[in-house]
Amino acid sequence: MELSEAINGRHSVRDYTTEPVDEETIRRLIADAIQAPSAIDEQPWTFTVIRDQVLLDRASREAKEHMRAVSPAGAQPSHFKSMLDDADFHIFYHAPVLVLISAATEGAWVVADCALAAQNLMLAGYAAGLGSCWIGFAQNYLNTPEGKAAFGLPIAWIPVAPIILGHPKSTTAPVPRRAPVIHWLG
Numbered sequence: 005m006e007l008s009e010a011i012n013g014r015h016s017v018r019d020y021t022t023e024p025v026d027e028e029t030i031r032r033l034i035a036d037a038i039q040a041p042s043a044i045d046e047q048p049w050t051f052t053v054i055r056d057q058v059l060l061d062r063a064s065r066e067a068k069e070h071m072r073a074v075s076p077a078g079a080q081p082s083h084f085k086s087m088l089d090d091a092d093f094h095i096f097y098h099a100p101v102l103v104l105i106s107a108a109t110e111g112a113w114v115v116a117d118c119a120l121a122a123q124n125l126m127l128a129g130y131a132a133g134l135g136s137c138w139i140g141f142a143q144n145y146l147n148t149p150e151g152k153a154a155f156g157l158p159i160a161w162i163p164v165a166p167i168i169l170g171h172p173k174s175t176t177a178p179v180p181r182r183a184p185v186i187h188w189l190g
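The opening residue of the sequence shown carries number 5 in my numbering; numbering runs sequentially from there.
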């Protein structure tokens with residue numbers, strides 16, 4: 005697959021089959037993820053792989069509760085509130101795998117470094133026939149002591165990118181992109 009095809013073809017997937025993603029594939033995707041650049045070659049990333057659906061179900065409930073508790077009234081679009089209030093809404097979309105990319109150290113660029121690794125992971129997943137989605141609803145919860153404890157993360161780690169992976173149930177339609185704003189100097 006050409007790189008441009010992966011970049012233009014990968015879209016966030018929110019509907020997965022129950023087919024598991026094998027360990028070898030996950031390891032290969034992580035091997036691709038760590039080829040990302042990192043500031044001063046720190047490579048701060050860690051990868052926590054969660055395939056336990058009971059744990060993901062519990063984390064989904066707890067993350068929704070956390071979001072409802074900490075979000076100021078009116079701060080989120082109205083459809084976010086209805087999603088969080090829906091008992092059937094699962095923030096991980098019942099995907100068979102969550103790969104949580106965290107920084108093992110603090111630093112000025114660790115979030116960007118982990119985000120670059122996440123982009124590589126998602127593009128590699130697409131090339132392997134998998135769907136992916138960065139789950140922003142989980143981020144605040146994962147940065148709490150309770151969220152870190154749920155996934156066995158050391159308190160010093162900084163969870164950055166909760167990426168779900170799985171086999172898509174259907175093809176995801178592309179989202180139209182706005183024209184880029186380009187500011188030329190010289």
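Note that these hints are calculated values from the structure, not bench results. Where hints are given, some of them may not hold.
DEER-style ranges, computed between Cβ atoms [what the hints assert, rightly or not]:
(1) P180 with V115: 37 to 47 Å
(2) A91 with E23: 38 to 48 Å
(3) Q57 with K85: 35 to 45 Å
(4) T148 with D56: 11 to 21 Å
(5) D26 with L59: 35 to 45 Å
(6) R62 with T22: 14 to 24 Å
Don't be surprised by glycine CBs; every beta carbon is placed ideally from N, CA and C.
Problem set entry | Pairwise beta carbon distance, Q57 to K85, judged against the given window 35 to 45 Å | At roughly 26 Å between Cβ atoms, K85 and Q57 fall outside 35 to 45 Å, so the hint is violated.
Exercise. When you take the CB atoms of A91 and E23, is the distance between them in 38 to 48 Å?
Worked result: Roughly 26 Å apart at Cβ, these two residues miss the hinted range, so it is violated.
For this session: Could you see if the CB distance from T148 to D56 stays within 11 to 21 Å?
Result: The hint (11 to 21 Å, Cβ to Cβ) holds, given that T148 and D56 are roughly 20 Å apart.
For this session: Take the C-beta atom of R62 and the C-beta atom of T22, compute their distance, and say whether it sits inside 14 to 24 Å.
Result: holds (18 Å)
Exercise. Using the C-beta atoms of D26 and L59, is the stated range 35 to 45 Å upheld?
Worked result: violated (19 Å)
For this session: Go ahead and decide if the range 37 to 47 Å is satisfied by the Cβ distance of P180 to V115.
Result: Violated, since P180 and V115 (Cβ atoms, about 28 Å apart) do not stay within the stated range.
Hints 1, 2, 3 and 5 from the earlier list are contradicted by this structure; the remaining hints agree with it.
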